[in-house]
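Asker: So the protein sequences, as listed, match chains P and S. Counted the way numbering that gives the first Met the number 0 counts, the first sequence spans residues 0 to 409. Counted the way numbering that gives the first Met the number 0 counts, the second sequence spans residues 0 to 104.
In case anyone wonders, no lab produced these hints; they're calculated from the structure. Computed from a predicted structure; not experimentally measured. Backbone N, C-alpha and C fix where the C-beta goes; we use that ideal spot for every residue, glycine too. One or more hints might be untrue.
As the list claims (entries may be wrong) - Computed list of chain S residues with no C-beta within reach of chain P, every gap over 10 Å:
| hint | residue |
| --- | --- |
| 1 | M0 |
| 2 | C4 |
| 3 | K8 |
| 4 | N20 |
| 5 | N25 |
| 6 | E26 |
| 7 | E31 |
| 8 | Q35 |
| 9 | T42 |
| 10 | G86 |
| 11 | P87 |
Unchecked claim - Only pairs whose alpha carbons sit at most 27 Å apart, straight line, appear in this in silico DSSO-like list of lysine-lysine:
| hint | chain 1 | residue 1 | chain 2 | residue 2 |
| --- | --- | --- | --- | --- |
| 12 | S | K101 | P | K273 |
| 13 | P | K273 | P | K406 |
| 14 | P | K231 | S | K77 |
| 15 | S | K81 | P | K231 |
| 16 | S | K85 | P | K212 |
| 17 | P | K212 | P | K183 |
| 18 | P | K406 | P | K340 |
| 19 | S | K85 | P | K231 |
| 20 | S | K58 | P | K273 |
| 21 | P | K142 | P | K85 |
| 22 | P | K230 | S | K77 |
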Amino acid sequence: MRHMLILGGGTGGTMMANKLAHALDLNTWRLTVVDATGEHYYQPGFLLVPFGAYRMRDLVRPRQQYLPQGVRLIRSSIEHLNADIKTVVLASGEQLRYDCLLIATGAGIHPEQTEGLLDDEWGQNKFDFYTPTGAERLAQFLKGWQGGRLVVSITEMPIKCPVAPLEFLFLADAYFTERGMRGKVDLHLATPLSGAFTRPTSNRILGDMLRDKGISVTPDFGLARVDSREKKLVAWDDTEVPYDLLVSVPTNMGDPWIARSGIGNELNFVLTNKETLLAEGLEDVFVIGDASNLPASKAGSVVHFQSEILLANILEHIEGRPPRARFDGHANCFIESGFGKGMLIDFNYETEPLPGTFPLPGLGPFALLRESPLNHYGKLMFRWVYWNLLLRGVELPIANEMLMAGKVAA
Amino acid sequence: METICLAGKTLTLDNDGNLANCNDWNEAIACELATQEGLDELTPQHWAVITYMRAVFHKEGDAPSIRRLTRESGVDTKTLYKLFPKGPAKKAARIAGLPKPKGCI
Numbered sequence: 000m001r002h003m004l005i006l007g008g009g010t011g012g013t014m015m016a017n018k019l020a021h022a023l024d025l026n027t028w029r030l031t032v033v034d035a036t037g038e039h040y041y042q043p044g045f046l047l048v049p050f051g052a053y054r055m056r057d058l059v060r061p062r063q064q065y066l067p068q069g070v071r072l073i074r075s076s077i078e079h080l081n082a083d084i085k086t087v088v089l090a091s092g093e094q095l096r097y098d099c100l101l102i103a104t105g106a107g108i109h110p111e112q113t114e115g116l117l118d119d120e121w122g123q124n125k126f127d128f129y130t131p132t133g134a135e136r137l138a139q140f141l142k143g144w145q146g147g148r149l150v151v152s153i154t155e156m157p158i159k160c161p162v163a164p165l166e167f168l169f170l171a172d173a174y175f176t177e178r179g180m181r182g183k184v185d186l187h188l189a190t191p192l193s194g195a196f197t198r199p200t201s202n203r204i205l206g207d208m209l210r211d212k213g214i215s216v217t218p219d220f221g222l223a224r225v226d227s228r229e230k231k232l233v234a235w236d237d238t239e240v241p242y243d244l245l246v247s248v249p250t251n252m253g254d255p256w257i258a259r260s261g262i263g264n265e266l267n268f269v270l271t272n273k274e275t276l277l278a279e280g281l282e283d284v285f286v287i288g289d290a291s292n293l294p295a296s297k298a299g300s301v302v303h304f305q306s307e308i309l310l311a312n313i314l315e316h317i318e319g320r321p322p323r324a325r326f327d328g329h330a331n332c333f334i335e336s337g338f339g340k341g342m343l344i345d346f347n348y349e350t351e352p353l354p355g356t357f358p359l360p361g362l363g364p365f366a367l368l369r370e371s372p373l374n375h376y377g378k379l380m381f382r383w384v385y386w387n388l389l390l391r392g393v394e395l396p397i398a399n400e401m402l403m404a405g406k407v408a409a
Numbered sequence: 000m001e002t003i004c005l006a007g008k009t010l011t012l013d014n015d016g017n018l019a020n021c022n023d024w025n026e027a028i029a030c031e032l033a034t035q036e037g038l039d040e041l042t043p044q045h046w047a048v049i050t051y052m053r054a055v056f057h058k059e060g061d062a063p064s065i066r067r068l069t070r071e072s073g074v075d076t077k078t079l080y081k082l083f084p085k086g087p088a089k090k091a092a093r094i095a096g097l098p099k100p101k102g103c104i
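Given these sequences and hints, build the entire structure.
Answerer: See the structure below:
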């Protein structure tokens with residue numbers, strides 16, 4: 000029996016386990032998934048928890064339930080990879096030999112990387128919304144908050160779902176307006192980027208939206224430390240941003256086992272070929288999703304677009320042929336903009352997010368880079384799509400490659 | 000594509016305003032780009048960072064992040080922000096004639 004080993008049972012690992020269980024001959028291949036926990040969270044929903052739109056228990060399901068029959072799930076954290084002997088060592092000491100390895104251990108937040116961020120005030124007036132605990136504590140806090148200066152702080156790039164900090168601010172604007180206290184809340188974004196977003200057209204359009212909603216921005220803000228006593232962020236160039244309530248997007252890093260195995264960059268993201276998704280310099284190792292160092296967004300949609308390409312390449316590879324399918328960096332993100340509206344952006348390595356329309360049989364077209372109620376429902380509907388179609392590896396009517404149909408060049 | 004005239008050469012720029020072709024670059028161009036970025040002069044420490052960035056780019060096809068610069072160039076983060084105010088990685092990459100680092104999205 001040959002062994003396909005998948006590290007990580009999140010969006011990418013689960014989706015690929017389903018696709019591979021269909022595609023491989025299970026008389027000659029066995030499939031194993033390793034994950035430290037038994038719960039699978041619908042992470043895009045975390046953003047809505049602080050505002051009371053979802054409760055965390057609405058967003059979690061048993062991991063095993065989404066893996067196909069015949070796939071073994073091992074609950075353990077990973078110690079390290081020894082690529083020379085094609086073996087993964089688990090925290091328990093168990094050693095797993097593989098014929099083909101897929102790394103899907105994602106990215107996590109690391110507030111301890113920033114001086115003064117993870118202290119006694121963490122969870123008191125400093126929160127994150129990227130973890131179940133963080134999002135729930137923030138929801139609790141916001142219910143009783145009397146107002147003041149709310150600062151969303153992006154520590155460093157890259158981060159999971161790069162539009163989430165903007166969405167948080169748009170939703171906060173709507174939340175406080177609906178509670179009749181928008182006048183008591185000052186909303187602010189401190190970001191290391193030179194504007195609201197990274198690429199020119201979307202930066203301009205999203206920047207205008209922030210301004211229209213009365214949300215101010217400190218760009219080029221390289222966060223050096225948090226001064227909890229004086230309640231301020233201090234940048235490397237000594238610029239200061241005061242806060243009453245800090246909503247932090249801490250440094251995102253790959254799993255620590257990647258550092259222990261010496262296969263990652265300075266943020267523990269695995270060095271990966273951006274087209275074939277093969278790990279650089281390793282034999283029989285592929286990478287999907289947030290765990291890679293690809294210059295693409297860290298987002299579930301990217302994992303989805305990668306998955307078909309990855310499946311084709313894995314099937315070629317295990318037959319001894321060179322992988323031929325090429326990933327183009329395609330990402331597609333719904334952006335919640337508050338008051339029952341949303342936006343959609345669609346882009347890849349080469350093409351920036353552009354305005355226009357996004358065709359989708361049956362439902363679309365969705366408006367690109369423009370607010371519409373349909374986009375908001377698209378985002379809400381996506382939770383159902385995630386559990387019932389996406390994780391199960393069912394094909395969706397969206398092309399893997401980014402298409403120019405409907406887009407209007409800037 | 001926009002062009003720019005620097006140190007007697009006409010150069011093509013990419014969408015971010017960085018040199019489209021890093022082989023067009025030379026030290027005189029770096030000095031003029033530095034002036035555009037608001038730097039008074041390029042000290043040996045600036046050159047150490049620029050040289051390191053070009054070396055990484057030639058080996059790996061992407062300019063390094065601030066975190067990696069701090070770890071490997073021998074210049075700490077605080078000093079990097081003094082040398083290249085606002086965005087050290089972006090600014091140093093532009094002066095070094097390289098595209099904006101990709102680690103940003």
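Asker: All hints are to be evaluated individually against the structure, with a verdict given for each.
Answerer: Evaluation of the provided hints:
The beta carbon of S:M0 is kept farther than 10 Å from every beta carbon of chain P, the shortest such distance being approximately 14 Å. At roughly 23 Å, the least C-beta separation between S:C4 and chain P is larger than 10 Å, which holds for a residue marked as non-interface. Residue placement check: S:K8 keeps its beta carbon more than 10 Å from all beta carbons of chain P (closest about 26 Å). A cut-off of 10 Å between C-beta atoms confirms that S:N20 is not in contact with chain P; the least separation is 17 Å.
The non-interface label for S:N25 is consistent with chain P: the shortest C-beta to C-beta separation is roughly 26 Å, beyond 10 Å. S:E26, annotated as away from the interface, keeps every beta carbon of chain P farther than 10 Å; the closest lies near 26 Å. For S:E31, the shortest C-beta to C-beta distance to chain P comes to about 21 Å, beyond the 10 Å cut-off, and the non-interface label holds. For S:Q35, the requirement that its beta carbon stay farther than 10 Å from each beta carbon of chain P is met, with the minimum near 15 Å.
Its beta-carbon lying about 17 Å from the closest one in chain P, S:T42 satisfies the requirement of being farther than 10 Å from that chain. Here S:G86 does not stay apart from chain P, with its beta-carbon only about 5 Å from theirs, under the 10 Å limit. Listed as outside the interface, S:P87 is inconsistent with that label: its C-beta sits roughly 8 Å from the nearest C-beta of chain P, within the 10 Å cut-off. Restraint check: the Cα-Cα separation between S:K101 and P:K273 comes to about 12 Å, which is no more than 27 Å; the hinted pair holds.
Taken as a hint, the P:K273 and P:K406 pair is honoured in the structure, with Cα atoms around 24 Å apart against an allowance of 27 Å. Of the pairs offered as hints, the one joining P:K231 and S:K77 holds, with about 18 Å between alpha carbons and a cut-off of 27 Å not exceeded. Distance hint between S:K81 and P:K231 is fulfilled; the C-alpha atoms sit about 21 Å from each other, no more than 27 Å. At most 27 Å may separate the alpha-carbon atoms for a hinted pair to count; S:K85 and P:K212 meet this at roughly 26 Å.
In summary, the hint linking P:K212 to P:K183 is supported, as the alpha carbons are separated by about 14 Å, within the 27 Å threshold. Distance restraint check for P:K406 and P:K340: the Cα-Cα separation of roughly 20 Å lies within the 27 Å cut-off, and the hinted pair is therefore satisfied. With a C-alpha separation of about 18 Å, the suggested pair S:K85 and P:K231 falls inside the 27 Å cut-off, and the hint holds. Our distance criterion of 27 Å between C-alpha atoms is met by S:K58 and P:K273, whose separation comes to about 16 Å.
Annotation: proposed proximity of P:K142 to P:K85 is violated, straight-line Cα distance about 51 Å (limit 27 Å). Of the supplied pair hints, the one linking P:K230 and S:K77 holds, its CA atoms being roughly 21 Å apart against a limit of 27 Å.
Checked against the numbered hints above, the structure breaks hints 10, 11, 21 and satisfies the rest.
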